[in-house]
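Q: The chain contents come next:
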Amino acid sequence: MSEEIDAEIRTTHVLDLAAEGKRLDGRGPDEYRKITVEPGFVATADGSALVRIGDTAVVAGIKLEPGKPFPDTPNAGVLTTNAELIPLSSPTFEPGPPQPGAIEVSRVVDRAIRAAETIDLTRLCVAPGEKSWICYVDMHVIDHAGNLIDASLLAALAALAHTTVPAKRFEIAELDYPLDVQHFPIECTFVRLGDAIVVDPTVDEERAAQGRLTVATDEAGRIVAMQKGLVGAFSPDDVKETVRRAFQHGAELREIAKGGGQ
Amino acid sequence: MGNIGAKEIPVLLSPEGLRIDGRRLDELRPLKIQAGALHQADGSAFVEWGANKVLAAVYGPREVHPRHLQQNHKAVIQCRYNMAAFSVDERKRPGLDRRSQEISKVIGEAFESVVFAEEFPRTSIDVYIEVLQANAGTRCAGLVAASVALADAGIPMVDLLPAVAVGKVGGAIALDLKKEEDNFGEADLPMALVPQSGRLVLLQMEGHLTEPELAQALDLGVKGCREIYERMKQALRDRYAVGPMTGASA
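Just so you know, the sequences run in chain order E and F.
Heads up: the first sequence is residues 55 to 316, going by our numbering.
Heads up: the second sequence is residues 44 to 293, going by our numbering.
Each hint should be verified, as a subset may be incorrect.
[Claimed, not checked] With a cut-off of at most 16 angstroms between alpha-carbon atoms, the simulated EDC-like pairs for lysine to aspartate or glutamate come out as follows:
hint, chain 1, residue 1, chain 2, residue 2
1, F, 117, E, 62
2, F, 117, F, 161
3, E, 117, E, 230
4, E, 185, E, 119
5, F, 117, F, 162
6, F, 117, E, 58
7, F, 222, F, 132
8, E, 88, E, 197
9, E, 185, E, 225
10, E, 294, F, 254
11, F, 266, E, 184
12, E, 117, E, 192
13, E, 122, E, 184
14, E, 294, F, 262
15, E, 312, E, 273
[Claimed, not checked] Going by beta-carbon spacing under 10 angstroms, a handful of chain E positions derived as facing chain F:
hint, residue
16, 149
17, 150
18, 153
19, 168
20, 284
21, 285
22, 292
Bear in mind the hints are in silico, worked out from the structure with no lab data behind them.
It should be emphasised that the depicted structure is a prediction, and the values quoted were computed from it without experimental measurement.
Just so you know, even glycine gets a beta-carbon here, dropped at the ideal spot from N, CA and C.
My request is simple: use the sequences and hints to build the entire structure.
A: This is the structure we're talking about:
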């Protein structure tokens, strides 16, 4: 019960601060926490990255193996995205099959990767209708301090950008070669706190949130995916304003995802 | 992206600006809403929308199962969106796939945004959506059906939740996509509106839109929702009108 009371007090505090344009950790409403990208974090993966946004940490690992293309897209490889909110990362996550929260993270990340044509799937085709690469993107949340969607997509992109296709190991080509990443979609997540809409929410802010909105943009100036989540509402004008802010952050976050480091 | 070997793209927009089924860009598919379609449920609705057939049932407020989900200060809203195995061209494996679980989550959250859940502490309001026949826009059809079913069950809410998807077909922003338009369209943007506040409680998007296109799509969707809102109210009036029952509303 004390946990519930503590959460209630924090929620009230977060909302009171937001009304004055302030946040619990001293950030402005349009400020991300510090982001770092560490590519090649897992040597056994074909590509990997550890991404931190503040205290939130996500490891993404890429594995490629030969398989059969889907019958309706015989000339394309297969991309599979999965997010695991493992119990070690938060007291609120339980072991067992993926919960709706984890499914939402992976599907929203997947939507951005797919719609932005991040990977040219035709280049993952080996023999039309017969053989193609299956590209598994697995994202493990290892420390949940809020904003899992943005962190997971950044981790997935950084991992894909540092992926080597294991063509030699599977005797498909003489040499391994780097996976070609053609686009970098960026997701920016905002939450409503009273009349304020703030970017990159912490766990406390997500708990206090009266609606969450994620906007994915690409480098061509297009919106490629959106997701409203949590209980709450946004006016069409809120949505337009949020999209404008997402484009501004997108350019900066894209360089971080590409480059590694920070 | 290069040719992924999929089927050829049909012409989605005629030179006259008409769509494959002859509709204008801002025109809804035929929509029929029947409030109160089932006998066991506390509230229910049947929606036929274009070639979609969707049932919704509401049970509760009732005891919470599983028990640990119970909340001391409000009702929990548990939503299950499911597609029947025979609802699509190629048989779908029965049970909730990841898509269905995501849709269940966002629809549940949309209803939590409008239901006065604090009036029923320690209970559950269970919303079941069953897609019997699917032809794009099933989450919106399910939302509309479930919203009418909630009203039919007498659950107090801020407002009904009309919902519709807007998309981009043949380069133009269009209301209420049907299957071919959804499969070969350039963007899909389902939304649910609280008519009273003008705010959106469900919003998803996939595809490619510029900022001006998004603004246009939001406007068109809100207009569409307001049209659907009138139909939803009429369906409830038809069910509860004094005098002989009138059944489904056209």
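Q: Holds or violated: residue 117/F with residue 161/F, Cα cutoff 16 angstroms?
A: Distance ~4 angstroms between residue 117/F and residue 161/F Cα, so the pair holds.
Q: Mind checking the alpha carbons of residue 117/F and residue 58/E for me, to see if they're no more than 16 angstroms apart?
A: holds (14 angstroms)
Q: Please work out if residue 266/F and residue 184/E have their alpha carbons no farther apart than 16 angstroms.
A: violated (47 angstroms)
Q: Is the hint on residue 285/E kept, meaning its closest Cβ partner in chain F is under 10 angstroms away?
A: Cβ of residue 285/E sits 4 angstroms from chain F, so the hint holds.
Q: Are the Cα positions of residue 294/E and residue 254/F separated by 16 angstroms at most?
A: holds (8 angstroms)
Q: Tell me if the straight-line CA distance from residue 117/E to residue 230/E falls inside 16 angstroms.
A: Cα-Cα ~13 angstroms, so holds.
Q: Does residue 294/E pair with residue 262/F here, judged by a C-alpha cut-off of 16 angstroms?
A: Holds. Residue 294/E to residue 262/F sits at ~11 angstroms (cutoff 16 angstroms).
Q: Hint residue 168/E vs chain F: min CB-CB distance below 10 angstroms?
A: holds (8 angstroms)
Q: Hey, residue 117/F versus residue 62/E, does the alpha-carbon distance stay inside 16 angstroms?
A: Status holds; Cα separation ~15 angstroms.
Q: Take a quick look at whether residue 185/E and residue 225/E sit within 16 angstroms of each other, Cα to Cα.
A: Holds, because 13 angstroms separates the two Cα atoms, which is no more than 16 angstroms.
Q: Is the interface hint satisfied for residue 149/E? The criterion is a beta-carbon contact with chain F at less than 10 angstroms.
A: Result: violated, 15 angstroms to nearest chain F Cβ.
Q: Do the alpha carbons of residue 88/E and residue 197/E lie within 16 angstroms of each other, as the hint requires?
A: Holds, at roughly 15 angstroms.
Hint compliance for this structure: hints 11, 16 and 17 are not met, and every other hint is.
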